[in-house]
Amino acid sequence: MQATTSTHTEAAHSHEHHHDPGFLRSYVFSTDHKVIGIQYGFTALAFLFFGFLLMMCMRWQIAKPGVPIPIVGGMLEAMLGDVAKGGVMSPDLYNAFGAMHGTIMVFLAVVPLAFAAFGNYVVPLQIGAVDMAFPRVNMASYQCFAAGGVVMFVSFFIPGGAAQGGWTSYSPLASVIPTNGQTFWLIGMVLLITSSLLGAVNFIATVIQLRAPGLTWMRMPFFTWAQFVTAFILLLAFPPLEAAGILQLVDKVFGSSFFLPTGLVVSGKPYDVSGGGSPLLWQHLFWFLGHPEVYVLILPAMGVISEIIACNTRKPLWGYKSLVYSVLAVGFISFIVWAHHMYLTGMGTKISTFFQTTTMIISIPSVIILTCLFMSLWGGSIRFNTPMLFSLAFLPMFGIGGLTGLPLGFNFSDLHLHDSYYVIAHFHYVVAPGTIFALFAGIYFWYPKMTGRYMDETLGKIHFWLSLVGMNLVFMPMFFQGLYGMSRRMSDGGATYALTNPANEGVVTALTTTVMKLNVFVTHAAVLLLIAQVPFIINVFMSMFNGKKVESDNPWQATTLDWQTPTPPPHGNFTKEIVVYRGPYEYSVPGHPTDFTPQNAPEPKLAK
Amino acid sequence: MEIPYTVKPRPDTGLYNAKLGIWLFLASEVMLFGGLFSSYILLRVGADLWPHGMLSIPIGTFNTFVLIASSVTVVMSWASLKLGKLASFKLYMALTIACAFGFLGVKSYEYYVKFTHYDVWFKDDATAQKYFIAAYGEKGEADVRKQFVERFHLHNTKATYDPHEIQMAGHLQGNPLFASHKTLAKAKTEKIMFDPDPKFGSHDHPKAIEVLVSDVKRMSAYVPAHSTYFAIYFTITALHGLHVLGGALVLGYFLLTADKWWKKAPEQFANRIEVGGLFWHFVDLVWIFLFPIIYLL
Chain E
1 MQATTSTHTE AAHSHEHHHD PGFLRSYVFS TDHKVIGIQY GFTALAFLFF GFLLMMCMRW
61 QIAKPGVPIP IVGGMLEAML GDVAKGGVMS PDLYNAFGAM HGTIMVFLAV VPLAFAAFGN
121 YVVPLQIGAV DMAFPRVNMA SYQCFAAGGV VMFVSFFIPG GAAQGGWTSY SPLASVIPTN
181 GQTFWLIGMV LLITSSLLGA VNFIATVIQL RAPGLTWMRM PFFTWAQFVT AFILLLAFPP
241 LEAAGILQLV DKVFGSSFFL PTGLVVSGKP YDVSGGGSPL LWQHLFWFLG HPEVYVLILP
301 AMGVISEIIA CNTRKPLWGY KSLVYSVLAV GFISFIVWAH HMYLTGMGTK ISTFFQTTTM
361 IISIPSVIIL TCLFMSLWGG SIRFNTPMLF SLAFLPMFGI GGLTGLPLGF NFSDLHLHDS
421 YYVIAHFHYV VAPGTIFALF AGIYFWYPKM TGRYMDETLG KIHFWLSLVG MNLVFMPMFF
481 QGLYGMSRRM SDGGATYALT NPANEGVVTA LTTTVMKLNV FVTHAAVLLL IAQVPFIINV
541 FMSMFNGKKV ESDNPWQATT LDWQTPTPPP HGNFTKEIVV YRGPYEYSVP GHPTDFTPQN
601 APEPKLAK
Chain U
1001 MEIPYTVKPR PDTGLYNAKL GIWLFLASEV MLFGGLFSSY ILLRVGADLW PHGMLSIPIG
1061 TFNTFVLIAS SVTVVMSWAS LKLGKLASFK LYMALTIACA FGFLGVKSYE YYVKFTHYDV
1121 WFKDDATAQK YFIAAYGEKG EADVRKQFVE RFHLHNTKAT YDPHEIQMAG HLQGNPLFAS
1181 HKTLAKAKTE KIMFDPDPKF GSHDHPKAIE VLVSDVKRMS AYVPAHSTYF AIYFTITALH
1241 GLHVLGGALV LGYFLLTADK WWKKAPEQFA NRIEVGGLFW HFVDLVWIFL FPIIYLL
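The listed protein sequences derive, respectively, from chains E and U.
Once you know that position 394 of the first sequence is 394 in the working numbering, the rest is easy, because the numbers rise by one and skip nothing.
Quick note: to get the working numbering, add 1000 to the position in the second sequence (first position is 1).
So that you can see chain E by itself, here it is in the shape it has in the complex:
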């Protein structure tokens, strides 16, 4: 057989890196994983802030229903028209903001920041690779993401406004609202799903193919493990939602009935479609993504936290192997727990029991991960810098979020708590003081590597303490509101069902004045949380120019490969050949000259 072995590609490519690629190629259409990571990071942070502002408008409406929103009310009326007449938020606008707050926070802010931004920047560095396996696919991933973001953002300004069916977009509700917001939402989602598909393929291929010589699986930093599992979840869980999105889009655009049952009546009239569809089908397809998505939100955060804890306690992670096996177990089990979101749909007690059981099982590896991280603190000489403070706060905050999930996982207690403020408090504890704290920690931690300068410690500590207090004041009261029976998604904050409403006189289940007053309290706390972010925003931009310069390429004296590069890493990342000789967390090894031994350091001669 005539083999075609001769290849000229090496020669053809060797000149590529020497010429200056120009502004567009370096910053907008870059194929460098670090630039793409930073693009993702800034876009996601902007959406995070935007989603937060949507929430601030809603919080005002909850605390003071029908009162014009101060400062932005007039702006909303000017931009959006009648839905914000006189600066007052209409129920339609509240629904749109609610749906988009959820969508933006999950799909455009936290996942892109946790997975795409940190993953892109750090994973190739941590495995000693020159770039991702498919740099141009990586660029396409960001471009799809940006396009999806634009579609979502534009939907606010179309006639009728953005999607109003909640971030879960349950049919028939989402399908029969006669505006085009939902269509935009679906097109936006298809773009975002395409983006995460391209990203996930790239991450997995990179981790499998491009690990440096000697970097065996069990020498891989936990952060990379977490990202690797996350990529698998995205790869396999997102497509069913894409299928669901396509079906709902066909329902919306071509008038089919995938999710519309026979005999559907809308606004008192039989709805003119063929019928025969299944609303439950949407919920199954949605939550088949929706629940693994929770682990997409949390696993990268745990990865960030474990890097920071190992480095700032100056000792190895406790139970590295247990962590790795647990994260794999979480990844697998996350695919068979989805219907615990659907106990109240009447799918039957046998199925509920199955999903209740798997839900309890998945809490085991999750608790192992958290326990390992707690145990890692034991006996460490802890440095209390800003990234470490955020990481330390993550542990109990995520603990609260996780443990309050158990009553929701049991179907008997879920009957009472379902769709109440308790649910909101539960998952916000997981994502806000949980994941978002981890992301802040990550930003403070890797910022010196990205820019060559530290972020300001004083501003960082102000940011941390105010955020910690603010988060708890916002979300803790919601547990009590929910236990008391306050439903979520009410555009007047429950005023209709309050005891103060004369219509509810003598109704024992009406919401008491105490519960209603918590609405106002939480809104004040949310303002505090908003103020708490000001030092962070100042810090990110100021420190680029005024921050203290790093003393070396490894300012935290860390062991993993991401710190063994020049600062900031150049195109191609490493200036020397990388060979890995040891595990990821060799801190304070007795007999070694320093209290950290980088993964690429050959075995030192032991002191005699």
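Incorrect hints may appear among the rest.
[Claimed, not checked] These stretches of chain E come out as covered by chain U in the derived footprint (C-beta under 8 Å, 3 or more residues):
1. 226–239
2. 252–260
3. 270–278
4. 364–377
Simulated from the structure, these hints should not be mistaken for laboratory data.
As the structure is a prediction and not an experimental result, all values here were calculated from the model.
The beta-carbon is built from N, C-alpha and C at its ideal position, and this holds for glycine as well.
Fit chain U to the supplied structure of chain E, relying on the hints for placement.
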């Protein structure tokens, strides 16, 4: 520094990057089509009525063979490259792309036939009976209604069989695309000329009948809005068609740039064909599942 393993396989995995990438992509595609096939099962199991025999099996079989043939030729084209025969590669690749467009052409014809074929539901049983007798005569009317039961599996034994839910199938005069009771109402049409289909198993077309629009409860071409059966049929086959089109365009690009690539990087070029071929086999495989569940079952 270069990204390693773009052409040569990594020793411990035995794969070059793109080959791993395409397998991962296909895993994701399995989940995408898996979601749609699951939806098909759930909709069908939950349906009172599920149409049967709405699609032409000979045409579907022909198209199945076209796709299978293209799978063979795409392997032959890759094998030709590995043997260093560029001319034979070009021939096989051209055949593959011809098969792809042949498949899409046949599919488009099938779509067109459906888009101009109509069902009419009448406002009540008496009206329906009047029109059925006008079209098929006193004797034929009962036959046609029996056919309905045969053509539409009555899956759910508990489903009540509502006699005026029987629709009349046929063509509108002038063969318009995508008309419906809504477009008729919008255009303020008062009556339509309707060519009813021949009785099942016969080729004698009944005479065209005049139908008053006020007697029509619902009219739909065979489009996604017709029923969940057509909705899932069009959605899955259209998505599959897009995959065929996308694959054909990429393979076409490989064919057009073959000379350049063959000179520049023959081994990488052969890898590209292999990866494109893997995708092509997957697209075929989806059809192998689609054909029985939509045409035969």
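Cross-check of the supplied hints:
1. 226–239: holds (count 5)
2. 252–260: It holds, with 5 qualifying residues against the three required.
3. 270–278: Our answer is that it holds, as 6 residues pass the Cβ test (under 8 Å) against chain U, meeting three.
4. 364–377: violated (count 0)
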